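Residue numbers (the UniProt record's numbering), protein chains in the order written: chain A, 1 to 289; chain B, 1 to 278; chain C, 1 to 90.
Watch out, some of these pointers could steer you wrong.
Cross-link-like lysine-lysine pairs, in silico, PhoX-like; alpha carbons within 20 angstroms at most [to be verified]:
hint: 1; chain 1: A; residue 1: K8; chain 2: A; residue 2: K93
hint: 2; chain 1: A; residue 1: K93; chain 2: B; residue 2: K15
hint: 3; chain 1: A; residue 1: K187; chain 2: A; residue 2: K176
hint: 4; chain 1: A; residue 1: K8; chain 2: C; residue 2: K30
hint: 5; chain 1: B; residue 1: K186; chain 2: B; residue 2: K171
hint: 6; chain 1: A; residue 1: K286; chain 2: B; residue 2: K109
hint: 7; chain 1: B; residue 1: K15; chain 2: C; residue 2: K30
hint: 8; chain 1: A; residue 1: K204; chain 2: A; residue 2: K187
hint: 9; chain 1: A; residue 1: K8; chain 2: B; residue 2: K109
hint: 10; chain 1: B; residue 1: K186; chain 2: A; residue 2: K8
Beyond 12 angstroms from chain B on every Cβ pair, some chain C residues (computed) [unchecked claim]:
hint: 11; residue: R41
hint: 12; residue: G66
hint: 13; residue: Y82
hint: 14; residue: A84
Please keep in mind that the hints were generated in silico from the structure rather than gathered at the bench. On a predicted model such as this, the values are computed, not experimentally measured, just so you know. Glycine is no exception: its CB is placed at the ideal position from the N, C-alpha and C atoms.
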Amino acid sequence: MEKTVNQKAWFLILPVLLLVAFSAVIPLMTVVNYSVQDTFGNNQFFWAGLEWFEEMLQSERMWDALGRQLMFSAVILTIQVPLGVFVALNMPKSGFWSSFCLVVMSLPLLIPWNVVGTIWQIFGRVDIGLLGYTLDALGISYNYTQDTFAAWATIIVMDVWHWTSLVALLAFAGLKSIPDAYYQAAKIDQASRWAIFRYIELPKMMGVLMIAILLRFMDSFMIYTEPFVVTGGGPGNATTLLSIDLVKMALGQFDLGPAAAFSIMYYLVILLISYVFYTVMTNLDKKGG
Amino acid sequence: MFDATVTPKKRFKVKGSVVVMTIYLLFLMLPIYWLVNMSLKTNTEVLNEFTLWPRNLTFDNYIKILTDPSWYSGYINSIIYVLLNTVISLSVALPAAYAFSRYHFMGDKHLFFWLLTNRMAPPAVFALPFFQLYSSVGLFDTHIAVALAHCLFNVPLAVWILEGFMRGVPKEIDETAYIDGYSFGKFFVKIFTPLIASGIGVAAFFCFMFSWVELLLSRTLTSVDAKPISAIMTRTQGAAGIDWGVLAAAGVLTIIPGALVIYFVRNYIAKGFALGRV
Amino acid sequence: MDWMAWTTPTAVFFIIIACTLVVFTVLAIKFPEVPRVGILRTETTRGDRLFITLLGSAFINLAWLGVVGANQPYALIVCLIYAAAVFRWA
C-alpha cells in the first residue's frame, strides 16, 4: 500500500512510546548502571568499572550455559522444522478434518508454560507417569531428575511437543496459499511427489519457514519456565540454560553486578538476532508485494 | 478424502497422511489426557496403582481448588492482571498500529523494529530491574504492576498483529470517509473498528494468552495479594509431599480459557504467533 | 531515582547516545535519508547504519575485553574504523 508522509502520526504513536519506554528503557538503563557497580545489598553502590564484564567473559559458568543454550536451540530446530513441514504436508486441506487438526494442534500452544512443565513432569515420572512407567516396564532406565541424558531428552521432547505445531501451522498457511493451478500443471508434467515438494511447495513456503525458524530460535533462546519446572536446571547444572542461570544469579543470589553484566550481553545477542529477523521480514514483505 | 474417483495409488497416499496425522495428534493428546486422567483420581490411586483411566472417578481435586481460597484466589489474581493488561495493550496499540499501517513518518521503521526487540527480549533480563522499579514506586505485589510489566511484550505484539490486519484494509476507505466529513475519531470508531474487528479479536486473544502463560515476571512481582495461579502451582511442587491430583486439576483448569476460544481463532493461530506476517 | 543507582560515567554514556540520536534526527530532517544496498545485500538508511555501528561497537568492546583485557580505550579506535567502514560500504 502506498503510504503518505505524515509527521503528525507521531501523536498516535505517543502512548505506545511512553508505555514501552517506561517498561523497557528505564529497566535497561538500570541494568547498565548496576553492571558497572558493586553493592552489598544495602543500597550503597561502589564503582567497579568493567570488572563484572571481565569476570563474566572469563566465567566458565556463563560459557557453559551459553553452550547448553545453543545446543538446545540447535537440537529443537533440527527436529521441529522438518517435522513441522512433514506434518503440514500431511494435513487435510479443507473440511471438518482440517478444522479438527487445527484445533487439536493449537492446544499445546495455548497451555500455560508452567503447566507444560507440570504435564511433562508428571508424564515422565517412573511411578505415576505414562511415559516413565512404560519406559521402565520396557527395561529402559529413565530418570530425568538423576540422569543427564534423560533430563535432556525430556526437555527436548517436551519442547517438540509444545512447539512443533507452530511450525506446522505456519508451513500449512504457506501451503494453502499455493494456487491449484500449480498442482494441475505439475500433474500434467507427471512430476513426482518429491519434485512437487522441491520445486513448488518448498519455494512457496520459504517465507513463512524463515519466520518460523527465527521465531522458534528466539523463543527457545529465552526459554525459562518449562525446563525450570521439569528439571529445575539439574541434574547438577546439566539443563541450566541461559535464562535459568540468569534468574538464579539475579533473584536467587541477588548478585546485581554480575547479573547485570550477564543481562547486557544476553540482550545484545537478542538485539542482533532481532535485527536479522526484522531485515528478513521486511525483505519478504517487499518481495511479496 | 472420500472422493469416489480416486485412483488406487492415490488412495494409498491419502491413507499414509491419515496415519501420520493420527500418530502426531495422539502424541499431542496423550500427555494432556494423562493430566486429565490424573486430576480425576484419588491420591491413593495415583500413588498405589497404575491405572490408565480413573477407577474411582472423583471430583474432589476440583472441589478442593474451587473452595480453598489459597487456590482459587490465584485464578482470580491471574484473570485480573491479564484483563488489565489486555485492555491497556489494545488501547495504546490501536492508534499506533493505525499510524504504522497508513503513514510514513520520521523514524517509523526504527520504532517498529524497537517494538519487535521488546517482544523478543528475555523476561529473565527484565525480572530484576522490574522488581526494583515496582518496589521503589510501591506497586510491588499489585495486579497493575504485573499488567504493566507484561506490556513489555504484549504492546509490541498487539501493534504488530493489528498492523498486519490493518494493512489489508484499502486506504480508499479512509479517504472517502474523510471526504464525507468524518473526523478522525468518528471514522476510527464508526467505520474502521468494525472493519478490523477480527484483527482486534485476534490481538486481544494473543495478549490474553501471552499474559496468561507467563510465569517468571508475574512470580517475581508478586508475593501474597496478587499471586498468580502459575506461581502457586510451582510453589506446590517445591513442597515435600506433592498432592499430584490437585496439581493436575489446577493444570487442567488453566488450560480451559485457551481451549474454550480455540475453535474461533483456529485460522488465526499462525498469523498471531507470526506477529501478523503470514 | 535512588534505586537506579546512577553514576556519572553511565549518565554521560546515555547522554552521548541520546545526543547521537538527536543529531541523526536533525540530519534526517535536513538531508532526507536515501536507502541504498551495500555489502550487507539489504537496503540500509543512515539510521540503520547508525544502529549497526552501535551494536557492532558493543560487540567489539566485549571482544576486546575478553581477548585483550587491557587498554580498553583502544577498542574505541577499532570501533571508529568499523563505524567508518559501515557508513562507507554497508
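Here is what the structure says about each hint:
1. Taken as a hint, the K8 (chain A) and K93 (chain A) pair is broken in the structure, with Cα atoms around 45 angstroms apart against an allowance of 20 angstroms.
2. Between K93 (chain A) and K15 (chain B), the direct Cα distance comes to roughly 14 angstroms. Compliance with the 20 angstroms bound is thereby established for this hinted pair.
3. In summary, the hint linking K187 (chain A) to K176 (chain A) is supported, as the alpha carbons are separated by about 18 angstroms, within the 20 angstroms threshold.
4. The straight-line distance between the Cα atoms of K8 (chain A) and K30 (chain C) is roughly 18 angstroms, inside the 20 angstroms bound, and the hint therefore holds.
5. Taken as a hint, the K186 (chain B) and K171 (chain B) pair is honoured in the structure, with Cα atoms around 16 angstroms apart against an allowance of 20 angstroms.
6. A hinted pair counts as satisfied when its Cα atoms are at most 20 angstroms apart, and K286 (chain A) with K109 (chain B) qualifies at roughly 14 angstroms.
7. A C-alpha spacing of about 66 angstroms is found between K15 (chain B) and K30 (chain C), which places the hinted pair above 20 angstroms, so the restraint is violated.
8. Between the alpha carbons of K204 (chain A) and K187 (chain A) the distance comes to roughly 18 angstroms, so the proposed pair stays at or under 20 angstroms and holds.
9. For the hint pairing K8 (chain A) with K109 (chain B), the CA-to-CA distance comes to about 16 angstroms; that is within 20 angstroms, so the pair holds.
10. Of the pairs offered as hints, the one joining K186 (chain B) and K8 (chain A) holds, with about 18 angstroms between alpha carbons and a cut-off of 20 angstroms not exceeded.
11. The non-interface label for R41 (chain C) is consistent with chain B: the shortest C-beta to C-beta separation is roughly 18 angstroms, beyond 12 angstroms.
12. Interface exclusion of G66 (chain C) from chain B stands, the closest Cβ pair being 20 angstroms apart, more than 12 angstroms.
13. Distance check on Y82 (chain C): its Cβ is at least 20 angstroms (rounded) from any Cβ of chain B, clearing the 12 angstroms threshold; non-interface status holds.
14. At roughly 22 angstroms from the closest C-beta of chain B, the C-beta of A84 (chain C) stays outside 12 angstroms, upholding its exclusion from the interface.
When held up to the earlier numbered hints, the structure conflicts with 1, 7 and fits the remainder.
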